[in-house]
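Throw the hints in and build the complete structure from the sequences for me.
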Amino acid sequence: GEDVEQSLFLSVREGDSSVINCTYTDSSSTYLYWYKQEPGAGLQLLTYIFSNMDMKQDQRLTVLLNKKDKHLSLRIADTQTGDSAIYFCAETGPYNQGGKLIFGQGTELSVKP
Amino acid sequence: DTGVSQDPRHKITKRGQNVTFRCDPISEHNRLYWYRQTLGQGPEFLTYFQNEAQLEKSRLLSDRFSAERPKGSFSTLEIQRTEQGDSAMYLCASSLAGRDTQYFGPGTRLTVL
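Keeping their order, the protein sequence lines are chains G and B.
Residues 12 to 124 in the working numbering are what the first sequence spells out, letter by letter.
Residues 231 to 343 in the working numbering are what the second sequence spells out, letter by letter.
To be clear, the hints were calculated from the coordinates, so they are not data collected in a lab.
Even for Gly, the Cβ is constructed at its ideal location relative to N, Cα and C.
Accuracy of the hints is not assured; some may be wrong.
Taking beta-carbon pairs under 7 Å as the criterion, some of the chain G residues facing chain B (in silico) [unchecked claim]:
1) F20
2) S39
3) G53
4) L57
5) F99
6) K111
7) F114
8) G115
9) G117
Far from chain G by the CB rule (all over 10 Å, computed), these chain B residues [said to hold, decoys possible]:
10) T243
11) G246
12) V249
13) G270
14) Q332
This is the structure we're talking about:
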């Protein structure tokens with residue numbers, strides 16, 4: 012079945028690293044995504060990783076993918092108060108049907124000064 | 231601004247009324263998606279179009295919901311005889327077929343009284 016799970020909350024201090032974790036079930040997913048949502052706003056694409064990659068780095072963001080365990084993580088280096096938001100992990104639907112996304116519940120990141 | 235736009239941003243209606251939302255995708259994108267997001271949850275897929283053809287509908291999309299994309303550009307989502315359970319954020323996204331990355335609009339927040 013299609014299911015994406017995330018822990019609901021994470022609290023860090025400004026300047027620390029944040030690691031947000033996600034598990035997914037569909038091994039046929041081609042891409043896995045991280046989106047950021049600020050209060051009352053739409054989703055902002057942060058980064059994505061192709062399923063044949065283990066790691067992708069983009070400035071302060073590092074994505075790690077463990078296909079065997081179906082585990083995805085997002086590391087934010089030097090976390091800032093402006094990073095406070097809800098972070099969603101998403102996978103493409105079964106066999107990439109039209110590219111619809113299956114989202115997790117979201118992890119609320121709180122950054123304390 | 232060439233991003234995805236949605237109108238209106240907020241809609242308050244009384245139970246039983248009909249509402250219609252509009253989404254304008256990024257101009258060269260031929261795929262358009264609708265998602266629904268309730269409080270504390272991740273977005274859930276409703277339907278998607280490739281050009282003007284509606285290619286997939288979720289079972290979440292009851293008979294009271296209809297979506298169109300008549301000229302393969304903007305799309306409308308209509309909800310007839312609204313119910314309190316329809317209160318949610320309705321998100322639109324677009325992508326280029328073959329490039330699965332979806333870009334989201336700011337959403338329309340619907341409140342049914």
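Each hint, compared with the structure:
Using the Cβ-Cβ criterion of 7 Å, the hint placing F20(G) at the interface with chain B is not satisfied: the shortest such distance is roughly 12 Å. For S39(G), the interface hint is violated, the least distance from its beta-carbon to any beta-carbon of chain B being 13 Å, above 7 Å. Taking 7 Å as the C-beta cut-off, the interface hint given for G53(G) holds, the closest approach to chain B being about 4 Å. Hint status for L57(G): violated, given a least beta-carbon distance of 11 Å to chain B, over 7 Å.
Because the smallest distance between the Cβ of F99(G) and any Cβ of chain B comes to about 5 Å, under 7 Å, the interface hint for this residue holds. Here the hint on K111(G) is kept, as its CB sits about 4 Å from the closest CB of chain B, short of 7 Å. At its closest, the beta carbon of F114(G) sits 3 Å from a beta carbon of chain B; the interface hint therefore holds under the 7 Å criterion. Because the closest C-beta pair between G115(G) and chain B is about 5 Å apart, less than 7 Å, the hint holds.
A hinted interface residue such as G117(G) counts as satisfied when its beta carbon comes closer than 7 Å to some beta carbon of chain B; here the least separation is about 5 Å, so the hint holds. Against chain G, the non-interface label of T243(B) holds: every CB pair exceeds 10 Å, the least being about 19 Å. For G246(B), the condition that its CB be more than 10 Å from all CB atoms of chain G holds, with the nearest at approximately 26 Å. No Cβ of chain G approaches the Cβ of V249(B) within 10 Å, the least distance being about 19 Å, so the stated non-interface status holds.
In this structure G270(B) is not separated from chain G by more than 10 Å, as the shortest Cβ-Cβ distance comes to only about 7 Å. Against chain G, the non-interface label of Q332(B) is violated: not every CB pair exceeds 10 Å, the least being about 6 Å.
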